[in-house]
Amino acid sequence: MKKTLKVLNELREKGLIQDYAIGGAIAALRWTEPFFTQDLDIYILLKEVDDEEKGLVVLSPIYEYLKSKGYVWKAHWIMIEGVPVDIFPADPLEKEAIKQAKEVEYEGVKTKVIVPEYLIALFLRAGRNKDRRKIEMLLEQCQIDRGRLQRILSQYGLDEKFRELEEKGYGR
Amino acid sequence: MEGERKIVIDERVLRRRDLFEEEEVARRGRAKLPFEEKIKILIDLQKLARDWGGKKDVIIWEI
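Going down the list, the protein sequences come from chains A and B.
Per this note's numbering, residue 867 is the first one in the first sequence, and the count goes up by one each step.
Per this note's numbering, residue 570 is the first one in the second sequence, and the count goes up by one each step.
Simulated from the structure, these hints should not be mistaken for lab results.
All clues given are correct.
With a straight-line cut-off of 30 angstroms between C-alpha atoms, the simulated DSBU-like cross-links for lysine-lysine are:
# : chain 1 : residue 1 : chain 2 : residue 2
1 : A       : LYS940    : B       : LYS616
2 : A       : LYS872    : B       : LYS625
3 : A       : LYS933    : B       : LYS625
4 : A       : LYS869    : B       : LYS616
Facing chain A, from chain B, some residues (calculated, C-beta under 8 angstroms):
#  : residue
5  : ARG596
6  : ARG597
7  : ARG599
8  : LEU614
9  : ILE628
10 : TRP630
Treat the numbers as computed from the prediction; the structure is a model and nothing was measured.
Here a beta-carbon is modelled for each residue, glycine too, at the ideal position from N, C-alpha and C.
Looking at chain B on its own, in the form it has when it is part of the complex:
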């Protein structure tokens, strides 16, 4: 079964669902970042969308 395949990272053996669960925990952690930090990340995302995503009309916020 695809979901039961093991993935080895350093000394850890994980199933895909373990990785998904860890990702969810990380997302909840990022949700607790300070507002200011999140806005800085947002601006990086805006730059990424413009420079990598080819969205030339994206406005990069000033902070």
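Just chain A, with the same shape it has in the complex:
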């Protein structure tokens, strides 16, 4: 994990990405009790936006770099130092989540983790059962800035989904 984070930091240092943050289950686990998961989800901000504006996100330089370092694909993951990693180019909500992510250290290596309020919005948008379970854990086990959460939900049209979730009894 430590070496994996160092490689991700290298991507930024070499200018292949502008920034990144840990999302998904591992980000949730940073704020809740530990639970089983299999992969490390990484959201990235790309430097080049020309192609993105055309609706095309080019990740080839990143994967070429990782391949040149000997990292291989296993199913849909790229295995970086023994950890299966999924890399997602960020959409507007995820871009904001990366910018607002908290800087933390893992065994002395600096990294960024998406904060609970943005994770809730992202899990809510994904909407699978496993996402709802993570929202419940976040609401129950860590401090949530309700004002901040409300602002994010309103901005991205997720208020109604959240209300429905609360009505079903999650996050009491």
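Position chain B relative to chain A; hints supplied.
This is chain B only, laid out in the frame that chain A set:
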């Protein structure tokens, strides 16, 4: 009523809901563990899923 049955643990007499409340407190406590410690627990869970849960394709992270 099922929820009102008493459970004796050492010298403590607890109702089921007391146990549930204690479990919630413990979960919030575990949420405050250091990130590194949580990743170690995650790896134990991955091993458990592979060795006990019969999920032979689970990848055990390297740390």
